[in-house]
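*Asks:* Sequence:
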Amino acid sequence: MAAFAGLSAAHAILLATHWCATGNASHLPHLQARFPVGLPPERLLRIILTFLPESTEPQSYSSVVQEIVDGGSSHWDSEEIDISPVKDLTETVVRKRVRKLRLLPLKYPDDEDSQDPTDLLTQFLIHRAHRIDSETALQPLILDLLLPFYQRSSPVRTWLISSLLPLLRLNYEYYPSQDDSFSLDTLESMDEHTAINVLLSMTGTQKNNMDLVNNLRGLVGSWMYGSNRSKRRRLSQAARQNSIAPPPGEPESRAEDGAGWQFVNEWLVSRSLVDRENVVSAFVNWNGPEDVDLGGYDEGHDKPQDEEITDLRLRYGQSGLAVIYANTDTSGLSLEGSTQIFIRTSKLLGHADSSFLSPDSTALPSVRFDASHISSSSRVSLLQNALLLASNPLTYPSASSISFLSAILLSLRILNKLGHAMQCRTAANLCLHSHEDLQLIELRNAIVSTVKYSRSGRDWSNIRHQLLWLRDWGTGQDGLAWHGIFWRVPRDVFEAEILKALLEAKEYNLAVETYIKSEPTLSSSQVEEAVKEAIFAAYDNASNGNRTRGGMKKAYDILQAFQPHLPDSVSFKQIHALISATHSLSFYSLTLQHGVPFQPVSIRVHSDPLSLIEKVLDQNAKAYTKLDDLLSIGRNVVAAGFSPQLSDNEGAVPADPENAIVTAERRIISLAISSALSDDDFGTAYSYILTRLTPPSLISTSSPVTNPTIKDDISWRAVYNAGRYRSQTTSTSSTLQAQITQLSQRMELLSLALVLVPSPDPLPEILGAWRRCDEEMTSLRARESEEEETWDAQGDRLSMVPGGFGPTDSEQDAFETKQHHVRRAWAQHQQSRLNLEEAPMGLFEVARGAALALHKNAFPLRGAAVTSVDSDPPPTEGHPSSDGRDSNDTAEERIRKRDVVSNMVTGGLASGIGWVLGAQPVNR
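For the sequence shown, our numbering gives the first residue as 1256, with consecutive numbering after it.
These aren't lab readings, by the way, just hints derived from the structure by calculation.
Be aware that a few hints might be false.
Beta-carbon label-pair distances, calculated as ranges [stated by the list, open to error]:
no.: 1; residue 1: D1812; residue 2: Q1874; range: 28 to 34 Å
no.: 2; residue 1: H1690; residue 2: T1449; range: 41 to 47 Å
no.: 3; residue 1: D1434; residue 2: T1583; range: 43 to 49 Å
no.: 4; residue 1: P1614; residue 2: D1371; range: 29 to 35 Å
no.: 5; residue 1: H1820; residue 2: S1942; range: 43 to 49 Å
no.: 6; residue 1: Q1560; residue 2: D1625; range: 49 to 55 Å
no.: 7; residue 1: D1325; residue 2: T1565; range: 39 to 45 Å
no.: 8; residue 1: V1748; residue 2: E1562; range: 49 to 55 Å
no.: 9; residue 1: E1784; residue 2: K1672; range: 51 to 57 Å
no.: 10; residue 1: K1707; residue 2: N1764; range: 19 to 25 Å
no.: 11; residue 1: S1444; residue 2: D1371; range: 54 to 60 Å
no.: 12; residue 1: Q1560; residue 2: S1444; range: 26 to 32 Å
These numbers were taken from a predicted model, which means no experiment stands behind them.
Here a beta-carbon is modelled for each residue, glycine too, at the ideal position from N, C-alpha and C.
Required output: the full structure, derived from the provided sequences and hints.
*Replies:* Take a look at the structure:
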C-alpha cells in the first residue's frame, strides 16, 4: 500500500480514469483495495465502461472485472504501479478534475433484462457489449467479453444466446459478404414478428438448399430462446394479440407462449408460394421448434416442458399440412415435394404409416377415416388465412386429417400420371363440397386428359382400376362413411364414362371383354347408351364422311365391335344406316352455306337432312342420273331416324317407317326430276315419271315408290312441273314431229298430274295448262296437215312431167271440189265443238270441260272412228294417197303416233275425272 502513499480518494479516482484511458486496467483491483470508499465496485465499473477503449481485448480486463465484482485481489508488486500522473497534482486541482468527469451509467438505458439492481456484472456486461458494438462494430469482442461470465448469470446467458449469437451468425458465419451488417441495437429493437421476417428473408441470397434450414436452426432458433425477455415481450405484445386461436380445449396462455413460432409457421406457408424448393427442404431436414442450434451455451440448463414441445410440434405439423394445401403448382416435381413434406410431418407427429406415398410404391390402399369430422369443414377452411387456425379440421393434425390428406395426395399422383394435373385445394374442395354434376364434369375432364395423353401400349386395365379407386379410395363402399374424390357419381355412371374412355382409346377388345363377356357391371341398355355416345362423339368430330378415314373409321369400328353382341339394338341399326348414308354422300362434292365444306355432323344437326341431296344435285353435274344411289342415301337417312318433310312448307311425316321411306323416295325422285329439267334433260325426267311415279293402275308393273294409302303431295307437283316444262332446244331447233312428240308427252304428264293430285284445289291450274297444250297441239297438227297437203300437191305436180301419169283434168277438178266441201264441213264441225268447250264458271263445269277436252286425247280411237265416219270422205277407188299408201292405213298410223301413250292412262283419267263429276264407276 506504500505505493499509494500521499494519494487521496480524488487522486485514486483520477488515477483509475488515467489507467483505463491508457488501456491499462490491471491495477484497478489494487487501487480499489486501497481506496474502497472512493472506488466502490459500481463506480469503478463505470470508470472502466466510460474510459477503457472498446477495442481493448476483453481478455485483458475480464479478470479485473471479476475481481472488482467479487471483491478479491491477487498478489501485486508495488514497484510496478506508476502513480506519477497524479502524484504532483494538488488536492484542489484533482477535485476539480474529478468533478468534471462524466461517467456512463452502469445500466444500459434500453436494458430491461437486468431487473436486479445489485447485479452489477450483468448491467456492466450488457452495457459494455452495446458500447463495443456501437463504437467498433467488432462483435466477436462481445463474445470474448461474455464467455467468462455467461454461466454465472442467467440473464447474460439468455442475452448471449438470443441476441448476440444470431447477430454473430448473421454477420460473420451465414452471410459474411453482405454489404450492410446488423447491429445489436437494430436487432433488439425488433418485435418477434419483424425479427423472424428479417432473419428468414435472408434465405435465397445464396444457392444453398440448406440455407433456410440453417436460418431456422441457428438464427430463429436462438432468437426464440429469448422470447420471454421483458423487452421482447413488450415489443411483441401486438403480435400476440393477432396470434391464432389455441387448439380446441387448450388455454389461451398456451397460444401466447408459442406466438413467435406461429409467426415462423405463417412465414413458411407464405414463403412456399414463391420459394417452394427451400420450404420443402426445410420441412424435410428440420424437425421443428425443438430442433435448434444454441451453440452449446444452454447446456446444463432447463429444457422446455414436454407439454410445450408437444404443442409446438402440433402447430409445426399443421403448418406442413397447410403448405401442402396452399400449393398452387400442379407439376410432378411440386407434387413430390408435397409428398415429402407429408411423409416427414406424419412421422414427426407419430401418425399412421404413409409408405404407400413413396415414389416407388404402386399400391392402392384402402383409406378409411372419420368422414364426419372432415365433412364439418367449409370452403373457408381452404382459404390461405384459415389454414393455420387450430379450429381447421383439415390442417390441424389428427388421424382423420392425416388419412384424408394422404388419400388426396395419392389421388393427385394418379391424376398427374393420367395427364390431368390438379391442385390439392381443388381436389379437397371437389371431394368435400361439390355436388354430383361438378364431380361428373371433373371426372370427364380427367378421362379426356387420360385419353389425350395416353401412350401406345398403355395398360388400360390398370388405368380403369386407378379411376375406380379415385371414386371410393379402395373401400368399395358408397355413402357418407367413406369419401373419394368422385364419390357422389353413381357407380354405373362412373363405369359408363370409363367405357367411353376405352372406346375413345380404341381399346375395343378390352371394352367388350370387361362390359359384355365377363361379369358386367353395366346392363345391356347402359352399355348400348355409352357405346352410342362414343360413336356419335367420333362421328361428330369427323371431318370426312368416308368411313375408312379418321373419325368415321373410328365410329364404324366401334359399331362393328359391339353390334354382333347386341344384334337387336335399334340404335345400332340406325347408326349403321347413318354411317352408310354419310359414306355415300362423301363421294359427291358438297359445300354448305358460306362456303363451309360438308362434314358428317351436318347431317345430325340439320333440321331436314334430305335437303342435302338437293344441294348434291345442284353442285354435281349429272348427279340426277345416279338416282338409285341417291335413293339409297335417302332410305339410309330415314332408317337412321330422321323424318323427311313432305315439302318446304309442311312438317315431317309421321314416324311410320314405311310412310317415311316412301315419302323420302318420292321427294328424292322429285328433286332428281327437277334437276334433270334444269339441265334440259326432259327425256330423263319423263322416264323417271313413267318408271318411278306412275300409279300401278296405269302401268303393268308396280312402281317402287307408290303406296296408295300414303298422302302424296310431292309426286303430282313433280309431274305437273314436268308437264308444263317447255324445252328451249326442242322448240327452236327440233323438227315438227319432235315438237309434237314432246307436246304429247307433256299432255300425258298433265293427265297424270290430274290423277295424282290429292285435292281439287290445283285442278283449274292443271286444266289451264292442259288447254294451252291442247291449243298448241291443234296448231301443230294444222301445220302438219298443211305440210302433208303441200307434199301431196307437189306429188300431184309430178304427173305433169313428160312421161308421167295421173287423172285427167275433169277428174282432177272433181276431186278438188270434193276436198273443198270436206274441209268446209270439218271447219263447221270443229267450230260447233269449240262452242261446247268454252270454260264454265263452276268447279263441276271446269271438270266437265276438262273431260270434253281430254276426250279427244284420252280416247283417241273412239274420236278417230267418229271423225272418219262423219267427215272423212271415203277414198276414191282407183286413187291412192299421195305417198302411195292406202288412206285407211294412214289414218290408223296417225292414231297410233298421236295416241299410243294416252291409251295407257285411259283408266286412270276415267277414275280421276270421275270422282270430280260424281260419276260411279262401271264396276259399281
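*Asks:* Hints first: check each against the structure and report whether it holds.
*Replies:* Hint by hint, here is what the structure shows:
1. Checked against the given bound of 28 to 34 Å, the beta carbons of D1812 and Q1874, roughly 30 Å apart, stay inside it.
2. At about 45 Å, the CB distance of H1690 to T1449 agrees with the hint of 41 to 47 Å.
3. As the Cβ distance of D1434 to T1583 is approximately 34 Å, the hint placing it in 43 to 49 Å is violated.
4. Remark: the range hint 29 to 35 Å for P1614 to D1371 is contradicted by a beta-carbon distance near 58 Å.
5. Judged by the Cβ atoms, the range 43 to 49 Å given for H1820 and S1942 holds: they are separated by roughly 46 Å.
6. With their beta carbons about 30 Å apart, Q1560 and D1625 fall outside the hinted range of 49 to 55 Å.
7. The hint said 39 to 45 Å for the Cβ distance between D1325 and T1565, and at roughly 43 Å that hint holds.
8. At roughly 51 Å, the beta carbons of V1748 and E1562 sit within the given window of 49 to 55 Å.
9. One distance hint, 51 to 57 Å for the beta-carbon pair E1784 and K1672, is violated here, with the actual separation near 29 Å.
10. Taken as a hint, the range 19 to 25 Å holds for the pair K1707 and N1764, whose Cβ atoms sit roughly 21 Å apart.
11. Between S1444 and D1371 the CB atoms are about 24 Å apart, so this pair departs from the stated range of 54 to 60 Å.
12. At about 30 Å, the beta-carbon gap between Q1560 and S1444 stays in the expected band of 26 to 32 Å.
Checked against the numbered hints given earlier, this structure breaks hints 3, 4, 6, 9 and 11; the rest are met.
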